[in-house]
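Engineer: Residue strings, one per chain:
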Amino acid sequence: MEYLEFRAMNSEIVLAAEGDPGQIAQGFQAARQLIEDCERRFTRFSESSELAQLNRSAGAWFCASPELLELIRLSLGYFRQTGGLFDPSVLPDLKRVGYDRSMDEIRINGAAQVMSERKVMKPCFDAIRLDEAGGEIYLPPEMEIDLGGIAKGWIAEQAAGVLGKYTLACAVNAGGDLYLVGTPDGQSGWDVALEDPRQSELTLAILNVGPGAVATSAITKRSWQQGEKRQHHLIDPRCGEPAATDWLSVTVIAPQAASAEVFAKALLIAGSKDATELLANSGEIAFIAVDKQGKLWGTPDIMEMMDANHGINQVAV
Amino acid sequence: MRHYKLGLRLWIALSSVVGFFGGWALLAHSPKPVPAVPQPAQVELAPLPTLAPIPSLNDRTNGFQQLPDLPPVSMNSHRLRTGGS
Numbered sequence: 001m002e003y004l005e006f007r008a009m010n011s012e013i014v015l016a017a018e019g020d021p022g023q024i025a026q027g028f029q030a031a032r033q034l035i036e037d038c039e040r041r042f043t044r045f046s047e048s049s050e051l052a053q054l055n056r057s058a059g060a061w062f063c064a065s066p067e068l069l070e071l072i073r074l075s076l077g078y079f080r081q082t083g084g085l086f087d088p089s090v091l092p093d094l095k096r097v098g099y100d101r102s103m104d105e106i107r108i109n110g111a112a113q114v115m116s117e118r119k120v121m122k123p124c125f126d127a128i129r130l131d132e133a134g135g136e137i138y139l140p141p142e143m144e145i146d147l148g149g150i151a152k153g154w155i156a157e158q159a160a161g162v163l164g165k166y167t168l169a170c171a172v173n174a175g176g177d178l179y180l181v182g183t184p185d186g187q188s189g190w191d192v193a194l195e196d197p198r199q200s201e202l203t204l205a206i207l208n209v210g211p212g213a214v215a216t217s218a219i220t221k222r223s224w225q226q227g228e229k230r231q232h233h234l235i236d237p238r239c240g241e242p243a244a245t246d247w248l249s250v251t252v253i254a255p256q257a258a259s260a261e262v263f264a265k266a267l268l269i270a271g272s273k274d275a276t277e278l279l280a281n282s283g284e285i286a287f288i289a290v291d292k293q294g295k296l297w298g299t300p301d302i303m304e305m306m307d308a309n310h311g312i313n314q315v316a317v
Numbered sequence: 001m002r003h004y005k006l007g008l009r010l011w012i013a014l015s016s017v018v019g020f021f022g023g024w025a026l027l028a029h030s031p032k033p034v035p036a037v038p039q040p041a042q043v044e045l046a047p048l049p050t051l052a053p054i055p056s057l058n059d060r061t062n063g064f065q066q067l068p069d070l071p072p073v074s075m076n077s078h079r080l081r082t083g084g085s
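As you go down the protein sequences, you meet chains A and B in turn.
The first sequence begins at 1 in our numbering and counts up one residue at a time.
The second sequence begins at 1 in our numbering and counts up one residue at a time.
What the hints contain is simulated information worked out from the structure, not anything from laboratory work.
Possibly wrong hints are sitting among the right ones.
As the list claims (entries may be wrong) - DEER-style ranges, computed between Cβ atoms:
hint, chain 1, residue 1, chain 2, residue 2, range
1, B, D69, A, R129, 44 to 54 Å
2, B, P68, A, P141, 44 to 54 Å
3, A, R238, B, D69, 24 to 34 Å
4, B, D69, A, E201, 12 to 22 Å
5, B, P68, A, G283, 25 to 35 Å
6, B, D69, A, F6, 35 to 45 Å
7, B, P33, A, E277, 52 to 62 Å
8, B, P33, A, G283, 50 to 60 Å
9, A, D301, B, D69, 13 to 23 Å
10, B, L48, A, R230, 47 to 57 Å
11, B, P68, A, P211, 23 to 33 Å
Claimed, not checked - Here are a few chain A residues that sit away from chain B, every Cβ distance over 12 Å (derived from the structure):
hint, residue
12, R32
13, F45
14, E47
15, R56
16, L69
17, E70
18, R73
19, K122
20, D126
21, P140
22, K152
23, G161
24, V162
25, L168
26, N173
27, A275
Every residue gets a Cβ at the ideal spot worked out from N, C-alpha and C, and that includes glycine.
This is chain A alone, in the form it adopts within the complex:
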C-alpha cells in the first residue's frame, strides 16, 4: 500500500492506494490538486474563496460553480432530512461563540471574546433559492453559511473518485472523514481505527469497513476557551449554542461521504435523547457513539464490522 500525507482544510490528509507505483503517483498528484483546489474555493477563512463571495452576495443572485451548487443542493436536502439539526446557516452563532478564525489560528492566538450572549436572529436556511438551470444561488439578506459540516466528506469522496481512476483500491482520509474505494488485495474490507474521544492517542476499535464512507464528529476535537466557557464547534441550531449533548463522538458508516459527515454531526447534536427520531429518517447508515462515561452506543450492525480478526483485543499493541 502506498501513502501520501499532507495538510489541507486544517486537517491531516492521508491518501492510500495499492497497485502500480507510477500510476499511483499520478493519482496522488491529481487527488491532492483537487483537494487543494476545493479548499481554496470552499473555505470561509479566505475572503477570495467562492464561499466568501457567496456570503457577501446575500440578498442578490450569485453565479456559482457546479460544485458549489451541488454542495448547497445537498445541504438543503440534509437540512430537511435532519429536521434542521444540520444547518450550514449557523455561521453567525459559530462566530459569536469564538470560531471566527481558523482552528490553527485559535490554537495559537486564542478565540475572540464573547460578542453577545444572545442567539443571532437570521433567516431560515430553507429560504435559500437555487436556479439549477441558470447555475445561480440566492441567499436571503443577512444569511451566511459555512460548509464545514459537509464539504470535507464530499471533497474526500470526489478525491477518491479521481484517485480511483488510477487504481482498484484506494482511500482518502480527510481529517477523519474517509471515503473508501474497492478493498485491499486479499482483504474483505479496510481497517479503520476508531479514536477514543477522551484520549486521542488511544484506539477504541478497528472497524472492518467495505467500500463507502466513514465520518466522525466529536465535541472534543475543535474546542476552545472563550472567557469562562469551554466552547466547541458543533452548534445546536435549536438554541444557537454549542450542543449540550451526552455523546462525545459519533462515527457514521454510510454509502456517501456527505451523508456520513452530516449524520455524524446531527446525531452528535441530537444525543441519545433525540437520536431515535433522527435515525427514522437517516436511510442506510450504521453508527457508533461514545458517551461521557465511555460507554458505547450504536446500531446492532456496527458489531459485525468488529469481527474476531479485527476486534481491538486481537490487535497487537
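Chain B: place on chain A using the hints.
Structural biologist: Same frame as chain A, now just chain B:
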C-alpha cells in the same frame, strides 16, 4: 264515526294478537339454525413460537443500543483513523 273508531281499535288489537301467536307457532315449528362453519369435536391449536425476552429499556432504544465495552489501547499508527474533524 264512534262505531268506526271502536271497530278499528278492535281490528288492530285482534290482528296483533293473532299475528303474535301465528309467528310464535311458525318459529316453534321451523328447523333449528345450522352453524355456518361446522366445529370439530376437538380443536387442535398450533404451537406458538417462543418469543425472545423484551430488552430492558436501559439496554436498548429504538434503532440503537448499548454495545459491549471495548478497552482502549495505545495504538495510533493506523493511517486510516477516524476521530472527529
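Engineer: Does each hint hold? Answer for all of them.
Structural biologist: Here's how the hints hold up against the structure:
1. Taking 44 to 54 Å as the suggested C-beta distance range, the pair D69/B and R129/A conforms, at roughly 49 Å.
2. The hinted range of 44 to 54 Å is satisfied by P68/B and P141/A, whose Cβ atoms lie roughly 52 Å apart.
3. One distance hint, 24 to 34 Å for the beta-carbon pair R238/A and D69/B, holds here, with the actual separation near 31 Å.
4. At roughly 19 Å, the beta-carbon separation of D69/B and E201/A lies within the given 12 to 22 Å, and the hint holds.
5. Distance hint for P68/B and G283/A: a CB-CB separation of about 26 Å, consistent with the stated range 25 to 35 Å.
6. Range check, D69/B to F6/A: about 36 Å between beta-carbon atoms, so the 35 to 45 Å window is met.
7. Look at P33/B against E277/A: about 54 Å separates their beta carbons, and that is inside 52 to 62 Å.
8. A hinted range of 50 to 60 Å for the beta carbons of P33/B and G283/A is consistent with their spacing of about 57 Å.
9. Here the CB-CB span from D301/A to D69/B is close to 19 Å, well matched to the stated 13 to 23 Å.
10. Between L48/B and R230/A the Cβ separation comes to about 56 Å, which falls inside the hinted range of 47 to 57 Å.
11. Checked against the hint of 23 to 33 Å, the pair P68/B and P211/A passes, with Cβ atoms roughly 27 Å apart.
12. Every Cβ of chain B is farther than 12 Å from the Cβ of R32/A; the closest lies at roughly 15 Å, confirming the non-interface assignment.
13. For F45/A, the non-interface assignment is confirmed: its Cβ lies about 15 Å from the closest Cβ of chain B, beyond the 12 Å cut-off.
14. In this structure E47/A is separated from chain B by more than 12 Å, as the shortest Cβ-Cβ distance comes to about 23 Å.
15. The beta carbon of R56/A is kept farther than 12 Å from every beta carbon of chain B, the shortest such distance being approximately 26 Å.
16. No Cβ of chain B approaches the Cβ of L69/A within 12 Å, the least distance being about 23 Å, so the stated non-interface status holds.
17. Annotated as non-interface, E70/A keeps its C-beta farther than 12 Å from every C-beta of chain B; the closest such distance is 20 Å.
18. A cut-off of 12 Å between C-beta atoms confirms that R73/A is not in contact with chain B; the least separation is 22 Å.
19. The Cβ of K122/A lies farther than 12 Å from every Cβ of chain B, with a closest approach of about 24 Å, so its non-interface assignment holds.
20. Interface exclusion of D126/A from chain B stands, the closest Cβ pair being 25 Å apart, more than 12 Å.
21. No Cβ of chain B comes within 12 Å of the Cβ of P140/A; the nearest lies about 28 Å off, and the non-interface call holds.
22. Look at K152/A: its CB is around 6 Å from the nearest CB on chain B, not clear of 12 Å, so calling it non-interface is violated.
23. With 12 Å as the threshold on Cβ separation, the claim that G161/A sits away from chain B holds: the shortest Cβ distance comes to roughly 18 Å.
24. Under the 12 Å C-beta cut-off, the non-interface status given to V162/A relative to chain B holds; the minimum distance is some 18 Å.
25. The claim that L168/A lies off the interface holds: its Cβ sits roughly 17 Å from the closest Cβ of chain B, which is beyond the 12 Å cut-off.
26. Non-interface status of N173/A relative to chain B is broken: a Cβ of that chain comes within 12 Å, the nearest being about 5 Å off.
27. At roughly 6 Å, the least C-beta separation between A275/A and chain B is not larger than 12 Å, which violates its mark as non-interface.
Hints 22, 26 and 27 from the list above are not met by this structure, while the remaining hints are.
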